[in-house]
Amino acid sequence: MDSSAAPVVELSDAVAVLGSFPVLAGVDLRVEAGELILLRGPNGAGKTSLLRLCAGLLPISRGRGSVCGLDLTTQRRAIRSRVGLLGHANGLYQDLTVHENLRFWGATVGASAQEIGAAEQRMGLAARLATVPVERLSAGQKRRTALACMLVRRAQLWLLDEPHAGLDAAARDDLDTVLIDATRSGATVIVASHELERWAGLAARQVEVVGGHLNPVRSTLETTPPGRG
Amino acid sequence: MSTARVALAIAAKDLRIERRSRVMLNQVLPFSGVVMVLFAFALDKANLLSRVAPGLIWMATLFSLLVMVQRSFAVETDDRAFDALAVAGLSPTGLFLGKSLALAVQLLVLDVVLVLLAVVLYETKIHGGGRLALAAVTIVAAVSVLAGIGTLYGGLAAGSKGRDTLLPLLLLPMAAPVVIGATRSMEAAFATGGIAMREGWAWAGLLVALGVLTTVGGALGFSALIEE
Numbered sequence: 001m002d003s004s005a006a007p008v009v010e011l012s013d014a015v016a017v018l019g020s021f022p023v024l025a026g027v028d029l030r031v032e033a034g035e036l037i038l039l040r041g042p043n044g045a046g047k048t049s050l051l052r053l054c055a056g057l058l059p060i061s062r063g064r065g066s067v068c069g070l071d072l073t074t075q076r077r078a079i080r081s082r083v084g085l086l087g088h089a090n091g092l093y094q095d096l097t098v099h100e101n102l103r104f105w106g107a108t109v110g111a112s113a114q115e116i117g118a119a120e121q122r123m124g125l126a127a128r129l130a131t132v133p134v135e136r137l138s139a140g141q142k143r144r145t146a147l148a149c150m151l152v153r154r155a156q157l158w159l160l161d162e163p164h165a166g167l168d169a170a171a172r173d174d175l176d177t178v179l180i181d182a183t184r185s186g187a188t189v190i191v192a193s194h195e196l197e198r199w200a201g202l203a204a205r206q207v208e209v210v211g212g213h214l215n216p217v218r219s220t221l222e223t224t225p226p227g228r229g
Numbered sequence: 230m231s232t233a234r235v236a237l238a239i240a241a242k243d244l245r246i247e248r249r250s251r252v253m254l255n256q257v258l259p260f261s262g263v264v265m266v267l268f269a270f271a272l273d274k275a276n277l278l279s280r281v282a283p284g285l286i287w288m289a290t291l292f293s294l295l296v297m298v299q300r301s302f303a304v305e306t307d308d309r310a311f312d313a314l315a316v317a318g319l320s321p322t323g324l325f326l327g328k329s330l331a332l333a334v335q336l337l338v339l340d341v342v343l344v345l346l347a348v349v350l351y352e353t354k355i356h357g358g359g360r361l362a363l364a365a366v367t368i369v370a371a372v373s374v375l376a377g378i379g380t381l382y383g384g385l386a387a388g389s390k391g392r393d394t395l396l397p398l399l400l401l402p403m404a405a406p407v408v409i410g411a412t413r414s415m416e417a418a419f420a421t422g423g424i425a426m427r428e429g430w431a432w433a434g435l436l437v438a439l440g441v442l443t444t445v446g447g448a449l450g451f452s453a454l455i456e457e
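Quick note, the sequences are listed as chains A and B, same order.
Take the first sequence: its position 148, counting from 1, is numbered 148 in my numbering, and each next residue is one higher.
Add 229 to the 1-based position in the second sequence for my numbering, that's all there is to it.
Any given hint could be a false lead.
[What the hints assert, rightly or not] Pair by pair, the computed Cβ-Cβ distance ranges are:
no., chain 1, residue 1, chain 2, residue 2, range
1, A, F21, B, F270, 55 to 61 Å
2, A, S185, B, V441, 43 to 49 Å
3, B, V445, A, G124, 41 to 47 Å
4, B, G388, A, R172, 39 to 45 Å
5, B, V445, A, S61, 41 to 47 Å
6, A, S112, B, G388, 29 to 35 Å
7, A, A165, B, K390, 23 to 29 Å
8, B, D307, A, P59, 26 to 32 Å
9, A, P59, B, D273, 33 to 39 Å
[Claimed, not checked] Examples of chain A residues lying across from chain B (beta carbon under 10 Å, computed):
no., residue
10, V15
11, V17
12, S61
13, A78
14, G84
15, G91
16, Y93
17, G110
18, A113
19, E115
20, A146
21, R153
[Claimed, not checked] Here are some chain B residues the structure puts well away from chain A; computed CB gaps all over 12 Å:
no., residue
22, G262
23, V338
24, V437
Derived from the structure by calculation, the hints contain no laboratory data.
These numbers were taken from a predicted model, which means no experiment stands behind them.
In this text, a Cβ means the ideal position worked out from N, Cα and C, and glycines have one as well.
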């Protein structure tokens, strides 16, 4: 990886406040293009807040930060059009089919029919599944549809909060393949998860979030034993 | 992406959802029909129904608007699609205009049906092209105002607890001037209530001005809702 290239995420002493509570208390983070990194830590440590900060949804109160080369203080809306945030919900329209959901998100960025078709192919949603209303899909199929929407939106930075939640073993494996493919094609992925064993082989780097602070984990093999957090 | 493109994408999406779910056809239209029939039973006196028909049409519109606005934002909050729209960084003005446009189209269909019901149930009549034009302008203008305030307050209530009860509390007082203006204007179009045509057009003009005000104010104010 070229360390001289501009990082996709760069935070320096960044503080974020919810109400009067500092959810992020001066964090430093640098994420390069094409990296897949894992945010780990106990509930309430600030993992989701860090994802929301990177998505431009949570304002930066102090310190400096940039995402995709754009300033987190002054260009939050421009940042949002470059990132995809997938939380516990999928953000899909239940009455519309898979293809109609993709077509809607494609229309918001001017994506071509070919791009939409390619996203369907890549996520295994082409042919029959494309015409099924989202409300009739399984949890894994809905997740794949949400990720296909991110592809269609041409998200450069994927922010995923517990992406394996509610998926069966096969769907989890499929998701892993999708994320590896995404990083190979240049996307950057930041994942918040408690499933340390699963991510040990996938994430290039792990960062522990504790009490709004970040502690780098030296090696992906140095994972916290299962059961913690 | 341009504001117009966002607005068209949102409006097309909302209308496609309506076409697929048929909530308007299977729930809202029958509901407003029942309201009109109940009014007919409650006010079953000689000539009374035809005199108060314009007011009844707009009251039925208002009740149906509550159902339609709640539905319009339920599709956005069911799977947190509204959050996805916010993350996508789309133009808030485009979002407001798109949702308003879809709501306005549905309200327009509803009001045409309600006027036809008034003709059948209440024996109201519109004589002459001038009166028909006044009725058409009134409906289009009133619908644009109602769609605008419905979208604005629907968006405000969508992110709050108790949104089902909060929406009528916020929306009904704001809709009162529209109901008054549209009723007066339609009284002139129906030649009931002793309102002259000139006065009817003045009320219609007021509704057009309110429509412009609501659209501009809503487009500017919706940004704050999305940011929250």
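Of all the hints given earlier, name the ones this structure violates by number, lowest first.
The structure breaks hints 4, 5, 9, 10, 11, 12, 18 and 19; every other hint is satisfied.
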